Amino acid sequence: MSAAIGKRQKATTFQLLAPGVVWMILFLVAPIMMIVYVSFWTQTTFAINSTLTLDSWRNFFASEAYVGALWTTIRLWLIVLTLTFLIGYPAALYVGLLVKSKTVATVLLVLCVIPFWTSFLIRVLAWRPMLGKEGAINIILQKVGLIDTPIEVLLFSELSVIIGMTQIYVVFMVGPIAFMLGRIDRNIIEAARDLGAGFGRIFWKIIFPLSLPGVVVGAIFVSVMVLGEFATSGALSGRKVNLLGNIIVTQVGSLKWAMASVVGVILTILLGIVVAGFLRIVDLKREI
Amino acid sequence: MTQSDPIFRLEGVTRRYGNLTALDGIDFGAEDNSYIALLGPSGSGKTSLLRVIAGFEAPDTGRIWFQGRDITDLPAHERGIGFVFQNFALFPHLTIFENVAFGLRNGATKVPDAEITDRVRASIDMVGLAGLEDRNPDQISGGQKQRVALARSLVMQPKLVLLDEPLGALDANLRERMQTELRTIRERLDVTFLHVTGSETEALAMGDRVAVLDAGRIVQYDTPDAIYDRPIISDVALFLNRFNLFEGTLKDGSFHGAFGAAPVSSVRANDSDVYAIRYDRTRIFDTDASDLPGPALPVRYLASEYLGSSIIFLFETADHKTVEVDHHLSLGEPRDLSVGQNYILSWDPAQAIVFGKEAAQ
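Which chain is which? The protein sequence lines are E and A, in order.
Okay, so the first sequence: first residue is 1 according to full-length UniProt numbering, each after it adds one.
Okay, so the second sequence: first residue is 1 according to full-length UniProt numbering, each after it adds one.
Hint data in this document are derived by calculation from the structure and do not stem from the laboratory.
Being a predicted model, the structure only gives us computed values, none of them experimental.
Treat the hints with care, as some may be off.
[To be verified] Interface residues of chain A toward chain E, partial, derived using beta-carbon atoms under 8 Å:
1) F56
2) H77
3) N87
4) A89
5) T95
6) P112
7) F285
8) Y301
9) A303
Even for Gly, the Cβ is constructed at its ideal location relative to N, Cα and C.
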């Protein structure tokens with residue numbers, strides 16, 4: 001009797017899982033396998049054939065430009081991740097914990113999301129008139145008299161890419177952290193105060209550890225998006241900053257499928273390591 | 001210090017939230033080394049009072065004294081007053097040991113590690129949780145969480161511990177065991193417990209003294225038996241949930257109510273005229289009985305509740321007011337009553353407590 005029920009439950013579980021599994025195999029697993037496969041194909045100037053070779057992989061690691069792009073991607077990712085955390089955490093702390101009224105907290109979170117009403121590209125390009133040689137920041141600084149000649153490094157540099165990415169992705173850090181902070185029982189904080197702990201102690205021993213799952217989720221969001229980025233660096237760096245994403249775009253543009261696949265595989269492995277690393281910090285299944 | 005020195009004292013403490021006055025000029029002093037129960041219905045301001053004493057909220061006016069020091073403007077973490085939350089408020093990411101050690105590790109005074117270990121172990125032992133030090137709060141039961149919360153406060157060796165409905169989240173069985181245990185633990189340490197509760201039985205059972213809070217004011221502060229036998233105003237009698245209360249008028253030494261007129265020997269000052277007779281002093285008679293001990297209240301029988309040692313009979317008066325009679329089974333078998341039938345309730349008028357606008361004596 002119970003074996004029959006168990007069998008039927010197993011069948012139901014399988015039926016419920018099937019659509020998702022089929023979908024993932026068709027549109028995630030199969031394409032990834034294909035990319036891995038193509039990365040070993042033989043590329044000639046105008047054609048590609050399925051003879052297996054390591055040439056594209058050798059070319060990638062032999063080229064200073066490609067390996068340089070890998071390091072630039074990692075460096076920019078770390079900088080943007082740090083900045084989104086440093087800017088996002090205090091904002092989340094304010095929205096999620098310090099604002100007492102739930103309504104005000106919701107309104108503030110919605111305000112964070114409002115920039116998403118305009119398209120991604122416009123948000124990126126809007127930094128050009130801000131940061132340019134004759135842009136808003138330079139004009140204001142000159143009018144105030146702080147500088148004589150415009151600061152040129154503001155636009156078409158690594159700095160402008162960092163500024164642009166931080167502004168766009170910081171909200172993905174604020175959201176999850178504010179959510180975790182909002183779930184902290186206020187009595188716990190009062191209990192810590194009652195036991196003699198000052199604000200600093202309470203923050204480092206209670207509030208921060210309890211918000212860590214939010215930090216990890218936010219960091220995963222930001223990492224996944226920044227590591228695969230190509231548009232912000234394309235629009236704000238003046239082609240001076242090449243990320244792995246930019247290389248994929250140009251390689252695909254010139255029909256170099258094998259090299260594009262190599263970069264794609266490297267990027268996927270990098271993302272896998274980063275996400276797995278973050279998931280080791282906290283047990284998300286337990287928290288959510 | 002002798003028993004009668006106040007460990008803490010409130011002077012005209014008032015706390016308002018907008019138009020609502022939660023605490024209305026409270027003057028109160030609590031003896032050192034005693035168990036004080038603070039009884040009040042919900043909304044009477046009892047939680048506000050605890051929060052003001054603990055320092056989570058500041059009073060609008062008034063001063064708070066603790067161990068002879070004015071602590072009104074001292075922040076909560078510098079007061080050294082323990083607080084046990086109703087929902088326990090354990091730190092979910094720390095083990096039981098680290099929960100208890102939190103105050104010692106993070107307080108203003110540095111405590112050596114060896115001393116922390118000793119004190120935490122002693123405190124966990126005292127509440128009977130030895131062996132659970134490495135568990136997380138989500139791996140222990142409600143009663144055990146309660147003990148951790150208590151150990152976490154007591155390890156700081158406070159002179160005053162505030163308990164906000166500490167037994168409210170426990171089931172009835174556990175509640176009774178914790179009642180005894182809380183008293184035993186307190187007696188072993190030189191500490192005052194201020195235990196807030198909405199349950200009159202809990203307050204009377206636990207407190208060396210009971211303070212009754214009503215509408216932001218402490219209306220009576222006395223020993224449990226004094227509160228039980230001599231409620232100072234009709235509201236206190238109402239909270240105790242042991243009295244049938246009747247409205248009426250007090251005139252020329254007799255009280256006129258639903259039961260006719262009853263002779264009155266003494267009257268307590270009150271906002272309105274109220275006649276109170278305890279459930280277990282009210283007796284049941286047939287409608288044609290002629291040997292009534294006092295006034296006659298015609299009622300209709302509704303239902304009964306069996307409580308093991310006694311039975312509560314519920315009646316309804318002509319104006320749809322519920323009247324209760326508590327018949328203790330040691331007094332003999334109760335009489336058979338039929339639902340919907342009319343009966344007469346009566347009592348010895350000398351056992352009634354009368355509250356009146358004009359206190360005669």
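Status of the hints after comparison with the structure:
1. F56: holds, 5 Å
2. H77: Constraint on A/H77 satisfied, holds at 5 Å.
3. N87: holds, 6 Å
4. A89: holds, 4 Å
5. T95: Because about 13 Å separates A/T95 from the closest Cβ in chain E, which is outside the 8 Å limit, the hint is violated.
6. P112: violated, 16 Å
7. F285: Since the shortest Cβ distance to chain E is 53 Å, the answer is violated.
8. Y301: At about 46 Å, which exceeds the 8 Å cut-off, the nearest Cβ of chain E leaves the hint on A/Y301 violated.
9. A303: It is violated, given that the least Cβ distance between A/A303 and chain E is near 40 Å, above 8 Å.
In terms of the numbered hints stated before, the structure departs from hints 5, 6, 7, 8 and 9, listed from lowest to highest.
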